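Required output: the full structure, derived from the provided sequences and hints.
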Amino acid sequence: MLLRMLLFAWIAAALIAGFLWAPLVPVLGDTTRVFYFHFPAALLTCVAFGWSTLHSVLYLARRDLAHDAQAAGAAELGLLFCVVATLSGSLWAKAMWGSYWNWDPRETSIFFLMLIYGAYLALRSAVDGEARRARLAAIYSCVAFVAVPFLIFVVPRLYFSLHPEPVLNARGKPDIDPRILLVAAAMFAGETALFAWMLALRVRVARLARAREGA
Amino acid sequence: MPSASSSSAAAVWAILRKECRSEWRTRYGLNAALLFAIATLTAVSFAVGRLGDRPDLLAALLWIVLLFASLAALAHTFVREVEGHTLTLLRLTASPTSIALGKLLFNLLFLAVIELVAVPLDLVLLGGPPLHWGRFLAVLALGSVALAGTATLVGAIIAQTRGRGALFAAVSLPVLLPVLAGAVSGTRAQWSGAPVGAELRLLAAYGAAMLGLSLVLYDHLWEE
Amino acid sequence: MSGAPAGAPALRGFGAPTESVAGVALEARELGHRYAAGRGLEPVSFALAGPGVAAITGPNGSGKSTLLRIVAGLLRPSHGECVLTHEGRGLAPGARRGAVGLCASSVAFYEELSAGENLGFVADARGLADPRGRVAHALARVGLAGREGDRAGALSSGLRQRLRLAFALLHAPAVLLLDEPGSHLDEEGRALVGRLVHEQRERALVLIATNDERESRLAERVFELRGRGVGHPA
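Chains as they are written, first to last, in the numbering used here: chain H, 1 to 215; chain P, 1 to 224; chain L, 1 to 234.
Treat the hints as calculated values from the structure; they're not laboratory data. None of the values given here were measured: they were computed from a predicted structure. Glycine included, each C-beta is placed from N, C-alpha and C at the ideal position. Treat each hint with caution, since some may be false.
What the hints assert, rightly or not - To give an idea of the interface, some chain H residues facing chain P are shown, with a C-beta separation under 8 Å as derived from the structure:
id : residue
1  : Leu60
2  : Phe112
3  : Ile116
4  : Ala119
5  : Leu121
6  : Ala126
7  : Val127
8  : Arg132
9  : Cys142
10 : Val143
11 : Ala147
12 : Leu151
Unchecked claim - Just so you have them, the derived chain P footprint on chain L, three or more residues with Cβ under 8 Å:
id : stretch
13 : 68-78
14 : 103-111
What the hints assert, rightly or not - Far from chain H, some chain P residues (derived; all Cβ distances over 12 Å):
id : residue
15 : Thr42
16 : Val44
17 : Val48
18 : Arg80
19 : Gly84
20 : Val113
21 : Leu116
22 : Leu137
23 : Ala138
In C-alpha cells, the structure reads:
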C-alpha cells in the first residue's frame, strides 16, 4: 500500500515538475509537455515487447506456464502503452506539423509494433488449451521478434527514400536541457514501476485463475 | 538402419511427393488460388484499363495478388493435415523439420505455378513497360522464397488455432510486410531502370532469417 | 499377474531393465499427464524389458491412450518421465519414431490416397529398403492384399483398423504399441491381432492398451490403471 502511494506521489511529482520546473524546448514551445507522456510510453512499449519475447523463449525452453503469464501480461500492457504512445505522438504531430499522421519512420515503426501486439493477442484468443496457447503464442513471438528489426529499420528506410518527406522528430538532439531529461527519466522510471506493478497483478490473476480451474 | 541425414532427405522428398499427389487429386487449393489471381487481375483491368505509366501500381498489384493467393493456399497444406487428423501419422513418420521442409518446398512450387499464370496476365492485361528480366526475376525469386518461408511458418501456427482465413491474414501481415515492401519496391525499381541491390539484400536477409528461425522453431510446433 | 491395489501409484513389471534380448527397455517414473481439471493420466511407475507382451487395462478415461502417446514420443507428459532404451541407447521423445510403432484410433490416413499409397508414403519417408515389397508384405499380413488400390477414405472401419495395424508393423519396430487393437474388427480380425501379437512376442516389446479380456489374455503381464476415469467418483 505504501509503495503504491509512493508511486502515485512520484509520478505526480514528475508531472508537476514537467509543467512547472523544466523549461520548454524553443522549437517545440508548449508542446514539449507531450514529451513526458510520449517518450516514456514509446520506450516502455519496446521494453514490454522485449520482456514478452524473452519470456516466450523461456517458456519454449522450460515449459513453465509462469513464463507464459509474463509474456501475455507484458504484451497486453505493451499494447496499452503503444496506444498511449501512438495517440500522444499523433496529437503532438498535429500540434507541431498540422497533420495527425504522416507515415514518417517513427510513426510507421510504432504502428507496426501495434500491429504485431494486436496479432499476438488475436492469436492467443483463437487457441484453446493453456499449453497449446502458450506454445503457439511463444513461437509467434519469436517470429515477430525477428521481423521487428526489419520493420523498424529497413522498411522505413526503403520508403523514406521513395517519399522524401522532410519530417524529422525534434527530440534526440544532443543539446537538450538537462532538466527536461531529468523529468523524462523520472517519468520513465515511474511508468516502468507502474508497468511492473500492473504486470505483477496480471500474472497473479492468471495464476489464481489457473489454480481455481485446477481445483 | 539408414543414417539420420539420408532419412531426413528421403522424408522431405516423400512429403513433397505426397503433397503434390494429394493436391493433384483434390486440386482445391490450386483452383482457388488461380481463380483468385485471374479474377482479381481481370477485374482491375476492366475497371482501370491499362497501367503502363504507373509501374508503382503494377508492382503493388502483382504482389498483392501473389500475397493473397498464397495466404489462401499456403495455410491449406497444414489445415488439411489438422482437419484430416493426419498429423499423428505424419509425426510418427517424419521429424518436424522434415515435415516443414517438405511443405515449404511444396508451397514454393505452388507459388511458382501461380506466378506462371499471374505474372504474364499482369503484364498483358495491365500493360507494363518492358521488363528488365534479370532484375525482375531475381526479385521474383527471392521474394517468393521469403514469402513462402514466412507464410509456411505462420500457416503452421495458424492451422492449430480456431480461426482460419481472417486470423491468418491478421497474424501474417505484420510478419509479411518486409517481404511485401522489398518485393514491391524492387519490382517497381527495375521498371524505372534503378538498381535493386537494396531490395534483394532485404529479401535475402529476411528469407534467410525466417528459414533459420523455422529450423529451430518447428520442433516445438506440433509437440503436445 | 495384475498390478498393485488401488491407491498405490507404483506398478512393477516383469524383468529388470538390463535383461533384454532385443535390447529394449521401457521405464516410467511417476509418469502422469493432466489435460484439464480431473482428466488425464494419474502418475504411474513401471519398468519393462523386451521382448514380451504386456497389457494395460483400466476404465475409460484412465489414461491408457495417453500413456501410449507419451511412450511414442507424441505427447510431453506434465509430470514424471518416460525412458525408452533401445540397443543400449536412450531415445529422446523426438527420436523414437524409428523404434516405435503405434496402432491407435488417432492414426488417420490420407483419404484421397489409396491404402498402398499411404503405406508407400510412410515407407519412403522412413527410408526403408525395398518400400514396394514391404508395403505389399504388410498389406498381405493384415489381410488387405487385394485392397492396395482402394482409396483410404472409402475403407470400412474394420479395414481401416487393419491398415493401422499394417502401418504400425511396417518398419518392424522394437516397441509395438497397440491401443485397443480389436476395435472395429470382426472375429477374423481379432484372430489376426492374436496371431500378430504372438508373432511379435519373441522379437519386440508389445504394449496393448485394452479393456477386452481376450486381448489382455494375450499378455504375460497386466497392469491396471486406476485413474479418475469416467464414472469414478472424484
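The hints, checked one at a time:
| no. | hint | verdict |
| --- | --- | --- |
| 1 | Leu60 | 5 Å, holds |
| 2 | Phe112 | 6 Å, holds |
| 3 | Ile116 | 5 Å, holds |
| 4 | Ala119 | 5 Å, holds |
| 5 | Leu121 | 10 Å, violated |
| 6 | Ala126 | 4 Å, holds |
| 7 | Val127 | 5 Å, holds |
| 8 | Arg132 | 7 Å, holds |
| 9 | Cys142 | 6 Å, holds |
| 10 | Val143 | 6 Å, holds |
| 11 | Ala147 | 5 Å, holds |
| 12 | Leu151 | 6 Å, holds |
| 13 | 68-78 | holds (count 5) |
| 14 | 103-111 | holds (count 7) |
| 15 | Thr42 | 29 Å, holds |
| 16 | Val44 | 22 Å, holds |
| 17 | Val48 | 22 Å, holds |
| 18 | Arg80 | 18 Å, holds |
| 19 | Gly84 | 19 Å, holds |
| 20 | Val113 | 26 Å, holds |
| 21 | Leu116 | 28 Å, holds |
| 22 | Leu137 | 20 Å, holds |
| 23 | Ala138 | 17 Å, holds |
Checked against the numbered hints above, the structure violates only hint 5.
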